[in-house]
Amino acid sequence: AQKITQTQPGMFVQEKEAVTLDCTYDTSDPSYGLFWYKQPSSGEMIFLIYQGSYDQQNATEGRYSLNFQKARKSANLVISASQLGDSAMYFCAMRANSGTYKYIFGTGTRLKVLA
Amino acid sequence: NAGVMQNPRHLVRRRGQEARLRCSPMKGHSHVYWYRQLPEEGLKFMVYLQKENIIDESGMPKERFSAEFPKEGPSILRIQQVVRGDSAAYFCASSPTGASSYEQYFGPGTRLTVT
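Those protein sequences? They're chains A and B, same order as listed.
One point on numbering: in the working numbering, the residue at position 39 of the first sequence is 40, and numbering is uninterrupted.
One point on numbering: in the working numbering, the residue at position 51 of the second sequence is 93, and numbering is uninterrupted.
I should point out that these hints are in silico values taken from the structure, not numbers from a laboratory.
Heads up, a few of these hints could be off.
[To be verified] Label pairs and their in silico Cβ distance ranges:
#1 B:Gly101 x A:Ser42: 19 to 27 Å
#2 A:Pro41 x B:Leu80: 16 to 24 Å
#3 A:Thr8 x B:Gln122: 34 to 42 Å
#4 B:Pro50 x A:Arg111: 22 to 30 Å
#5 A:Thr8 x B:Ser108: 29 to 37 Å
#6 A:Glu18 x B:Glu110: 43 to 51 Å
#7 B:Ser108 x A:Ala116: 42 to 50 Å
#8 B:Arg126 x A:Gly11: 22 to 30 Å
#9 B:Gln122 x A:Ala19: 42 to 50 Å
[Claimed, not checked] Simulated crosslink set (DSS-like; lysine-lysine; CA at most 25 Å straight-line):
#10 A:Lys74 x B:Lys86
#11 A:Lys4 x B:Lys86
#12 A:Lys4 x B:Lys104
#13 A:Lys74 x A:Lys4
All values reported here derive from a predicted model rather than from experimental measurement.
Think of the CB as a built atom: it goes at the ideal place given N, C-alpha and C, for glycine as much as any other residue.
Produce the complete structure using the sequences and hints provided.
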C-alpha cells in the first residue's frame with residue numbers, strides 16, 4: 002500500500018530565511034511521481050513542484066526545490082527566501098504511474114512565516 | 043483556457059437532505075477525480091471517472107454517495123441523506139489523459155456544511 006508521511010504539523014520560519022518541509026513515502030511501485038501543493042487560507046490547491054521517480058536531478062521551480070532521496074524514500078520541499086505570502090498549509094502527495102493514478106496525500110504541514 | 047470549475051463553492055444542507063456537487067473539467071480533459079478533505083486533514087481520494095465510466099470508486103463510502111460523468115455536462119458528486127460527518131471540502135481534479143499526464147489540475151473546491 003502507498004503512504005505519505007508528513008511529521009511536522011506546524012513550522013515557523015523567519016522572513017527571508019529558508020525552510021525545509023519533510024515528506025517520506027512508502028510504495029512498492031517502481032515508477033511514481035511526487036508532488037507538493039500549497040493550500041492558503043482561501044482553500045484552493047496550488048501545484049508547486051513535481052519529481053518523477055526516475056528523474057536524476059532534483060526538481061526546482063523558482064524558490065521551491067525538492068530534495069529527493071530515493072533510497073531513503075524522502076521528498077522534502079525546500080522554500081528559499083521565505084515570504085509572508087508563503088504562510089499556508091503544504092501537502093506532499095504521491096501518485097503511482099500505474100493503475101488509476103490517484104493521488105495519495107499526507108496530512109500536511111502548516112507553515113507560518115514571521116516578519 | 044479556463045481552469046477546473048466547481049459549483050457551488052459553498053453549500054449548506056440540513057441533515058437528511060441531498061447534496062449535489064458539480065465539476066467542469068478543463069477544456070480537453072476527459073478524466074475527473076474527486077477528493078474529500080475533512081477539517082485539518084489531507085485530501086482523500088474518492089472516485090476516478092472518465093466520460094460515462096466509473097474507473098475506480100475504491101474511496102467512495104458504500105452508501106449514500108454516488109458519482110457520474112456524463113457524455114455531456116459536468117461531473118456530479120451526489121450525497122444522499124447527508125449527515126454532519128459529511129461536512130468537508132470536496133475537490134475535483136481533471137487531467138488530459140489520466141494515464142500519462144503526471145499532473146492533476148484542481149478546482150477551487152466545494153465546502154459542504156451539514157447543519
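Evaluated hints:
no.: 1; hint: B:Gly101 x A:Ser42: 19 to 27 Å; verdict: holds (26 Å)
no.: 2; hint: A:Pro41 x B:Leu80: 16 to 24 Å; verdict: holds (18 Å)
no.: 3; hint: A:Thr8 x B:Gln122: 34 to 42 Å; verdict: holds (38 Å)
no.: 4; hint: B:Pro50 x A:Arg111: 22 to 30 Å; verdict: holds (27 Å)
no.: 5; hint: A:Thr8 x B:Ser108: 29 to 37 Å; verdict: holds (36 Å)
no.: 6; hint: A:Glu18 x B:Glu110: 43 to 51 Å; verdict: holds (48 Å)
no.: 7; hint: B:Ser108 x A:Ala116: 42 to 50 Å; verdict: holds (48 Å)
no.: 8; hint: B:Arg126 x A:Gly11: 22 to 30 Å; verdict: holds (27 Å)
no.: 9; hint: B:Gln122 x A:Ala19: 42 to 50 Å; verdict: holds (49 Å)
no.: 10; hint: A:Lys74 x B:Lys86; verdict: holds (21 Å)
no.: 11; hint: A:Lys4 x B:Lys86; verdict: holds (12 Å)
no.: 12; hint: A:Lys4 x B:Lys104; verdict: holds (23 Å)
no.: 13; hint: A:Lys74 x A:Lys4; verdict: holds (11 Å)
In this structure, every one of the numbered hints holds.
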